[in-house]
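K.L.:
Two independent chains are provided; combine them into the complex using the hints.
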Amino acid sequence: MSNKGKALGSAPSSDVSEGRRMEEQTREVEEFYRNMVELSPDGIFTIDARGVLLSCNTAVVKMFGFSKEEVVGKHLSKLGTIRLKDVPRYIKLLISVISGKVTEPVELTLQRKDGALRLADVHFNLLKIGGKTIVLATLRDVTESRQMEQELRLFSNAVAGAIDAIALTDMKGIITYVNPAMAEAYGYKEGEMLGKSVISLTPNPETASQMTSALIKTGSWHGELESTRRNKKTFLAQLSLSTVRDEKGNPMAMMGAMRDITERKRMEQKLRDKNEQLEAMNEELRAANEELRAAEEELLSAKEELEDRVRERTADLAAANEELQETQEQLVRSEKLAAIGQLAGGVGHELRNPLGAIKNAVYYIRGKVANSGLGQKEPRVMEFLDIVDDEVSSSNKIINDLLGFSRVGNPAVSPARIKKVIDDALSRLAIPENIEVVEKLDAGLPEINVDTDQIRQVLMNIIVNAVQAMPEGGGLTISAREGGKFLEVGVSDTGCGITEEVIGKIFDPLFTTRAKGIGLGLAVCKAIIERHGGNIEVESEVGKGSSFTIRLPLKAE
Amino acid sequence: MGKINILVVDDLRSIRLTLGGILEDEGHNVVVVEDGYQAIEAVKKAHFDVVFMDIKMPGINGVETFGEIKKIDPETAVVMMTGYSVEDLVRKAINDGAYVCLHKPFDMEKVIGLVEAIAKEKNK
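Here the protein sequences line up with chains A and B, keeping their order.
Everything in the first sequence is counted per this note's numbering, starting at 220 for the first residue and increasing by one.
Everything in the second sequence is counted per this note's numbering, starting at 6 for the first residue and increasing by one.
Possibly wrong hints are sitting among the right ones.
Part of the chain B face toward chain A, derived, beta carbon under 7 Å [claimed, not checked]: (1) Ser-19; (2) Ile-20; (3) Thr-23; (4) Gly-26; (5) Lys-109; (6) Pro-110.
I should point out that these hints are in silico values taken from the structure, not numbers from a laboratory.
Keep in mind it's a predicted model, so treat the numbers as computed, not measured.
Note that the Cβ used here is the ideal one computed from N, Cα and C, for glycine as well.
Extracted from the complex, chain B is given alone in its bound form (with noise of 0.2 Å):
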């Protein structure tokens, strides 16, 4: 299985760490950030095959960020996450090009798979 970079974006450190721990394990590279700021700076500085953006977060929130990204680097899977079940946020994210949207608590080993395929898809 090839290795990708991956970025997590979250503001609970529960989540950076679990989510970012399995996906390391996994094999990948891995970079937590906490809000989308440092995740723009960080998609500025270097290339990233999947981004989990969470939604709802302080500043600007996971959609506007998702937004930026893009502009940046529109090759980036971003995959949505939210506790919440259906959101005109994620509708408006879906619209613009988020690959998924995963909603908490996660089947991980429904994570693990996805990121397999986007692996695949990228060819690495």
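Same shape as in the complex, but just chain A (with noise of 0.2 Å):
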């Protein structure tokens, strides 16, 4: 081949070999320019004016699947590489690119043999050889590309369209891509951002730069960084970063999402506050809750106490109210006495005149009978005197008993000793001898201060009450002995005993089961006891005996 251009240019020097040599060398040319066209890549194919294919490459072939045989010297429309539909379109272009209107590239579908669509970039190129007009076509199957140009085209319209603003740089931080959010969100223009480093778009180089390192390691960072507009404001935002990998799994490129957060942080922040305060409300609505619970506990027991005081008070008020009944009945028994009192004073007093009278009218009368000898002849008249005279002393004595009552003087006390004052009153009273006194007094008895002369009286009214219960004879027992703050000095009797019915009323004045005699003893005893500061009580069973029991105070230490 390297005679080829020279073959062209040089003159023969014989004619036979000359055109033999130039025929060679066209043939040389021709298989050359055949080759070329076989071998190239891209389909070649030449079309006549009517549409008939006249030949095709090995290329085009390759790209359809048909055979050279099926397609070479057929119409257009009978190759079976175009759609039926676009026949008719196709052959309007065919005329068109003959008549020369068709300078630019064309798109055509064209149909494989398995029925499988192919895009291809079709040049067209008029030839005139020897007289005949010739379109030259050259075929690229540009599907594939198409293809892959439309889902580029749609990856880069999705990332410019995306409202995240993205960016690519390279594995040094040199911004080489920016979506129209990501420059919007940094306030640049697209292309001014081109060329810029990821870390002069931050306070924070440090940060910045652990971010590069963390993402070269792990090949992600996500996380939230300070970011500089091109006014120099700053804004919190939210990274994605992650490493962009070509098949062979090297990292090619790095690739940002950010989101602008300042505002979100700022409503996080003020949810927070919210919150906050939510909680603390919700706080004081326990704490509240706590107090109203605790408040209701309170008036609950509140109210429990309130019942029990109400129920203590009732109580209280039915024992006072039957306090102030007995000490109503008490108040209207000393006032019926305090009249019995007066009365029996007024009485009392008035008697003494008349009795006075009579005992002096009988002294007289029976110092006249006894010297007349009246008094010999009739002793009865002696004895009714007599009779007369003791009765007014009964009388007087009523009358000093009566008094008595009304007036119990205060005791004139002194140091006594019990012994002496139960021996005394003992001294003074024929006890018969059928009843056995016995005197039971504890040793060393401290002295009492007491009104002798009324206690001995005391003792004597109960003794002789108790001789009276004993007609038949039966058992005296006189006690003595201390008893807490007083000295109790016991008078029992065996005799008839008292009945219950009676026995709550021995100590009330002018109240008696003797059939003569008004009962006034036990009342002025009793009397005379309270007034030392004491108390008398008595037991008693019927036919068994009775007790009487009094207590005198002690000296105070």
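P.N.:
Written out as structure tokens, the structure is:
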């Protein structure tokens, strides 16, 4: 082939060899170009003016799966490489090509033998060879690349149109691409950001370098980074960074998606604050609730307490009422007694005069009768005069008792030994022989401050009653012992006892079971003992006997 | 035993007659009056060695009468008579110089003895 150029330009030496050499050269050239055409990766084919396929190269055959024999010499429309519906359009196109109107490459949809559609870029060239018009077409199957282009465009548009700000950098962090959202977020025009380092976009270069090293190490980084706008104002960005790898897995670029979360953060903070507020309010509410519950409990327990108190009060009132009634009865009693006392006093005093006169008269008459001898003649006269005198004395005693009741004088106290008072009392009484007297006096009894006359009177009264209760004889026991703050003197008998209906009244004045006499004795005794600051009680069992207990206060230490 | 002049002052007739009668029987001169006024008149007219004076009387009581009598005749021994046990009036009378206070009904033996004692005092 070296002599190719020379062959065309040089003059032949002999006609035949020259001719043969020229034929050979032409053939070589022809073969050269034929090979070139055949071996071209693009599809090359020719069509005549009518639309019949004149030739095509191997690439065309390969592209479409038809054999040369199947398509060469056939009209385009019958090639089977065109969809039936496209035929009219393509014929029109051919006409345009032949008339020289089409100068730009055309995109055609062609059909493979298996029916699959391919997209092809076709260059048309008009050739005039040997007076004939031939269309030379170069065909490139761009199905894949068009698809890829479309995909790429899709992704490109997606990225460009994304609301998220997206940027690409090289492995050193220099920006190679920003989408409009990114540019807008940072306040730049798209082109202005290219070539800038990402580090320049943040006021915290340390964080930025940490970010990039992490990204390089692990292939991704996700976090928040303070970022600087073109106008130097900062905002908080949430970044998601990742490494873009090629098919071999080598990192070829870094991608970052960013969101301005300043507003979000503000909102979050506001929310947090609001939440805190709510929590605080909740706490308050809880506390208030607690208080309420506590108050409720208090109220409940107060109510219970109140009810208890009311119950207590009611009980107290009932008790007080009883006491009041008792006191009232006592008052009525003492009023009665006072009235009786006054009456008694008046009556008693009045009676003394007539008694005095009677006694004087009896004295005189007795004297005269005794001297006159009538006394001896009529002993009953003297006897009866004695009776009169005795009854006057008896009447006087009754008056004394009556007056004694109404005026028990304040006791004239002096220290005394109870044993002496008891013995004194016993010695003044004539106790029948059929009564056994037993003294049970504790040893070492202290002295007591008493009016010995009055106490003796009391003891005598009680002992007389005891004796009277034992007409058939019995036992009389007198005891004395210390009992707390009192000296207890007991007088008990084995007599007939006191019935239940009587025992409550025996200390009442004017109450008596005796047929004669007025019952002042025990009332006076009670008055005397109580004047001493003591008390007197009785226990009795009918048929068994009675027991009186006198308590006299011991000397206060 | 000496004879003395006795005045009995009591509003009760039975007391006047019995007491007066007994004392007269003993041999004394006895005058009886019913009330304090009469007593005062009597003492004005004559001297009495002993006056038995009842305390409770209508009009002026025995103690007041005693007071008047003392003014007229201070030498007279006045014996107060009472049916009462102890009284402010009696205490007053004793303080004022009454001879003694007797409680009715009397033990006449004692009364007669008392009169004799007073008579002896007056050397009669």
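K.L.:
Decide, hint by hint, whether the structure agrees.
P.N.:
Here is how each hint holds up against the structure:
1. Ser-19: Interface hint status for Ser-19(B): holds (3 Å vs cutoff 7 Å).
2. Ile-20: holds, 5 Å
3. Thr-23: Holds. Min distance 3 Å.
4. Gly-26: Interface hint status for Gly-26(B): holds (6 Å vs cutoff 7 Å).
5. Lys-109: With a minimum Cβ separation of about 3 Å from chain A (threshold 7 Å), the hint on Lys-109(B) holds.
6. Pro-110: Result: holds, 4 Å to nearest chain A Cβ.
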